[in-house]
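Engineer: Okay, here's what each chain looks like letter by letter:
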Amino acid sequence: METLNFLATGFSVALAPMNLLLVLVGCFLGTLIGSLPGIGPINGVAILLPLAYAMGFPPESALILLAGVYYGAEYGGRISSILLNVPGDAGAIMTTLDGYPMSKRGEGGRALALSAVSSFAGSMGALLLMVMSAPLLSQLAIRFGPSEYVWLMIFAFTCLATMVGSRPVKTMVGVLIGLLLATVGVDSGTGVLRFTLGIPNFFDGVDFLVVVIGLFAISEVLALLEQWARNDLVITPVGKSFVSFADLVAVRWVVLRSTVIGFLIGVLPGTGASIASAVAYGSEKRMAEGDNDQFGKGDIRGLAAPEAANNASAAGSMVPMLTLGIPGSGTTAILLGALMMFNITPGPLLFEQNPEIAWGLIASMFIGNIVLLFMNLPLINFFVRLLSIRQAYLVPVIVMLTFVGIYSIHGDSFDLFFMVVLGIFGFLLRKMHFSLAPVILGLVLGEVLEENLRRALSISGGDWAILLNGPMTYVLAAATLTALLAPSLWRFWKQGRRAMPLEAE
Amino acid sequence: MYDRIFAGALLLLSGLIVWTAVGFDVPFQYEPLGPKAFPILLSVLLALAALWLIIRPSENDWLPDRKILVKLLSGLVVMGAYAALFETAGFIPATFLAGTAFSYFFGEKPLRAAAYALVLSVSSYFLLKDVLQLNVPVGALLGG
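Heads up: the sequence lines are chains A and B, in that order. Numbering-wise, the first sequence is residues 27 to 531 according to my numbering. Numbering-wise, the second sequence is residues 417 to 560 according to my numbering.
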């Protein structure tokens, strides 16, 4: 009952004209960003964040806009997967497997419509799970002390290291670089300046936005520059086919199962849409054993599963971000950083102290998904037409927006140069197969981790045993150990199966 | 090979961080850990990870040829110039130059690229400054 009251508060925030407009804009931009190969949700959110910040939106409005871009992109990614055989974003890789064969045989319209409905069902299902679980989780987390928080973050990094990226050690290096970047600047406990190299711009820390945009957007432009060749991508015609009621009935359990899988994987710290859709696809294929020879050739189940899962994971990854202050994916790490820029600390108290933010966001996601269903069914042809925007026109806009966004924060050219330098660094990291999301996670959580570690040890007077003290710390330590060992045990179990390398989205 | 070079750099970096952190002058401190311990802990972990990468590096599959290196470098030069001109020359001239260059890099003919960049820079200036009310530098050329 209480939840319904809070939800009503949320809708009163989300239905304010300004926020309603931002939901529309966010969903539109998200679908567009998701569908254009090259810029995924993480870049889209990164580029829009400084603009939203500089335009002086209240925090809940900025979050509603940026979150709209995030889950909107999970819808958009499928368009280029299905029509171009090029995933629009990392979460839509699995969608190409069955989506493209469908459009090849003239069922593009059916594939787009079915995946839109699956996406919608996945999102809505995950949102319901979110409404039920988020308050519970935040009530549990409210009793967490500093030791528990230290463990939570170690757990998050462990999940990230073992599940994301090419090699665990490379993910760990990424996290450590992020954590070390977070220590730059004046130390809040003692006022000591750390690692500033005497540069005044670093005295209050390395600016989060500059790092995010440099690492992601600028390095992406460099990667596009490297890959670019006069591309003759052929857009498969959408055709007149449409989803039938029988199709929807046929995939109803697939969608339901994939929604739950996607949500749970989304909630796990660090793992997002790409892993969720891969796991959902794999498990559906296994469940259909004996009848799965059409998978990969245009089976509607193989199309519905990853789409429901990647949308569900987008909602799922918001749960730990809002309730624990620990992001569930790379993009939510940026959303978390956005909240911190507005001086709002996400965590268990968010639901009590800033219900307009937590519940406003959740309510806006209900509205946003309805908007997205509308954009992706009747208006789909509009987005299909936008797919043919040439990179010669798109890239200058991306470069311009990154520069304008970063300059507008402090009005200092130093940030622009620093951003380009970070872009080179990010590009080289990519080329050596380091994922970039761990760096951002480390950067966002670094200060919180250090603060909690120092607080825990000042409670115990310097005794590290405080980290293993009380049932909750045991549970979290055991979870960390499981996350550390499970993948290698699993690999041992399934020896012979080739493990699929996954990238953070 | 790249892995080894990078790991070597990280090893050096973690050494430098420990060196710097040990040298912090902390005039007062209320808790046992202080500002030194966390960075030192992180650099020790980083050094261990770097050592592991030196012992077992991944194969490198990035072998850019001359053409790609030239492309990347010219992209970087344009971005550097954009950063340098953004404030001094102002948004419109800087965006015009950078926009022309990037449009050209991605396959547009020079004249059409310039025309596109001109429209983009002028229309974005008014859109960003007047509609979105962002801090966009006018620059010396246009009397800002």
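Derived from the structure by calculation, the hints contain no laboratory data. Quick reminder that beta carbons are idealized off the backbone N, C-alpha and C, glycines included. Accuracy of the hints is not assured; some may be wrong.
One side only, chain B facing chain A, incomplete, derived with CB under 10 Å [what the hints assert, rightly or not]:
| # | residue |
| --- | --- |
| 1 | L428 |
| 2 | V438 |
| 3 | D441 |
| 4 | L492 |
Capping the alpha-carbon separation at 27 Å, the derived lysine-lysine pairs in DSS-like fashion look like this [unchecked claim]:
| # | chain 1 | residue 1 | chain 2 | residue 2 |
| --- | --- | --- | --- | --- |
| 5 | B | K483 | A | K457 |
| 6 | A | K457 | B | K487 |
| 7 | A | K266 | A | K457 |
| 8 | B | K483 | B | K545 |
| 9 | A | K323 | A | K266 |
| 10 | A | K457 | A | K323 |
Engineer: Work down the list of hints and note, for each, if the structure agrees.
Structural biologist: A quick look at each hint next to the structure:
no., hint, verdict
1, L428, "violated (14 Å)"
2, V438, "violated (12 Å)"
3, D441, "holds (7 Å)"
4, L492, "holds (7 Å)"
5, K483(B) to K457(A), "holds (17 Å)"
6, K457(A) to K487(B), "holds (16 Å)"
7, K266(A) to K457(A), "violated (42 Å)"
8, K483(B) to K545(B), "violated (38 Å)"
9, K323(A) to K266(A), "holds (20 Å)"
10, K457(A) to K323(A), "violated (32 Å)"
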